[in-house]
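Take the sequences, apply the hints, and build the full model.
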Amino acid sequence: VILERLVMERSRDEFWFRRGSDEKLLSPTKGDRIDPSYAMAGWDDHAKRVDRIRNYRGEGITVAFRYGLDGDLVFRSSLKPTLFDYRTPEYTATVAAGETKDLAFEVIARQGSNVKQQHVTLEETR
Amino acid sequence: MIGRRLLHLMAFAILSARLAGAQNIDMSTVPQRDSVQLTIYNGVDLTLVRETREVTLRKGDNQLQFSWANTRIDPTSVGLEFPGHMGDAEVVDARFPDDRPQTLYWTIHAESDLALSARITYFTSGISWAADYVAFADSAEQSLQFDGFVTITNNSGEDYENASVRMVVGTINLVETIEELAKGGNDKLQFPWQSRRFGVAEDGLTGLDVDGQSAGGVSLGFAKAVDNLEAKQIVKEGLSEYFLFAVPGEETVRNGWSKRMRLFAPDEGKKVPFRIEYRYRPQEYGEELVRMFLVRNDTASTLGTSPLPDGRGAALPAHLRRRPERPGVPPDEVRPDRPGVRVQPRPRPAGDSRAAGDGALPRRVLVPARETTRSSSARPRATGSTRATRWRAGTTTRSASSGSATTGTNRSRWRGASASTATCVS
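Top line first, the protein sequences correspond to chains A and B. By the working numbering, the letter at position 25 of the first sequence is numbered 25, and the numbering carries on one by one without gaps. By the working numbering, the letter at position 130 of the second sequence is numbered 130, and the numbering carries on one by one without gaps.
Treat the hints as calculated values from the structure; they're not laboratory data. All values derive from a computational prediction rather than experimental measurement. Treat the hints with care, as some may be off.
One-sided excerpt, in silico: chain B residues whose CB lies under 7 Å from chain A [as the list claims (entries may be wrong)]: (1) T52; (2) L244; (3) E277; (4) Y278; (5) R279; (6) Y280; (7) R281; (8) G286.
Some chain B residues flagged as far from chain A (calculated, every beta-carbon gap over 10 Å) [claimed, not checked]: (9) G84; (10) M86; (11) N162; (12) E251.
Virtual Cβ for every residue (Gly too), placed ideally from N, Cα, C.
Given below as structure tokens:
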């Protein structure tokens, strides 16, 4: 049985900028005009990942995942995960004999001023 | 021999009331140890020793000398009592003379001439016990033949002959270790209630999940050797937050020796059902996919209702039992049902004593011949229609042997994947 943990795509969005010493945050996606002199205050990191399981055994197997993630995160998937604790999603997959199964999910990490709370939020894939 | 038999209950001195306080002490009586009981705590270096000796007291004040030179006894914990003789004999005081290091004198007042049993209790370090397990799976991987053992090791500096041995499952918390107290000398004497605090660990009674990861260093040769051990059923009972495992009968545990006994009764652990689960839990097992043999610790599994103590374990596949000429070595031939798959030894990280997920075996990596490394040039082949499809969170299944996708919607670009992959093999 082989497990590969792949990162398929990375991107960033939800940018927020700070104008000088002004406490007000500005977002281009909200229609605010952004000057090149503005400092970046916050953003979201997106990582689309796949846990690939190759089952070379002669019978089906069950694979259980449980791993902690640090930060203010969204765990978005259709894997029907549950939270073991506030930062640890867990989910289970069955893989038939001779089968390769890809378990895809997206982890969205809020950064900078976007961070509200250190925890993981589960979301169903839209 | 240095370090052996150095605990002395040296002398029973007889002083009449009118001679109390005299400097000459009659050492004519040396009481023998009649019985000794060891209660060994697991997880901390602590053993409670309770021994009885027949002593003869004369009416009035008597003196008893107790010495612990070259042993690891905690002098602050030494106590003396006379069970069943409350009021007949009483410990007046205990003195630690400056000129006789590692010695104490008890002054005992007797109401009349008496022959009675004295119970001496103390804590010592240097005695430990550990559990270990060997389990063989049947060829269908449905049940295990489960053997458990306990090993008692005595490095306390003292021989304990014909001792009744009890082992406590559960973790206690000591502020100071007995060894430190034993080295401290009289100038650091504190009474036990001042120096020690007990607590219960959060998961002190956790049972054992038998898994390949915890296996280590137990070969088939060892497993066969222990078959000849004397069968002795260890009695298990609950004790508050702990469990007490008592070895029936008496054992002689000499200093510097270890003694190994079976943990299970003859009818226990013969055919234990188990299930296999692969787990990826980096916080618990590291960055590896591990194969677990999960066993229930209950009556139905014939492992009884008391928790198995933590210990090292080896879970071995059935074919190793049939091939004793190669203990601990897995077959390295190519499996006929896996064309194109070869066996490749995988080096274990330095200092990693854990065994592989396939029992107590060197880890082997089964890698398809054309995919020995994961890189952009050695990626599995995907059919043309699947390579261009978009990524979508969910699951995709394909044939593991062919490497091609059977569903055409969920494969995505391989761009940038090679630098971010992690491969775990079990």
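For each hint, the structure was consulted:
| no. | hint | in the structure |
| --- | --- | --- |
| 1 | T52 | violated (51 Å) |
| 2 | L244 | violated (33 Å) |
| 3 | E277 | holds (5 Å) |
| 4 | Y278 | holds (4 Å) |
| 5 | R279 | holds (5 Å) |
| 6 | Y280 | holds (5 Å) |
| 7 | R281 | holds (5 Å) |
| 8 | G286 | violated (11 Å) |
| 9 | G84 | holds (54 Å) |
| 10 | M86 | holds (54 Å) |
| 11 | N162 | holds (49 Å) |
| 12 | E251 | holds (42 Å) |
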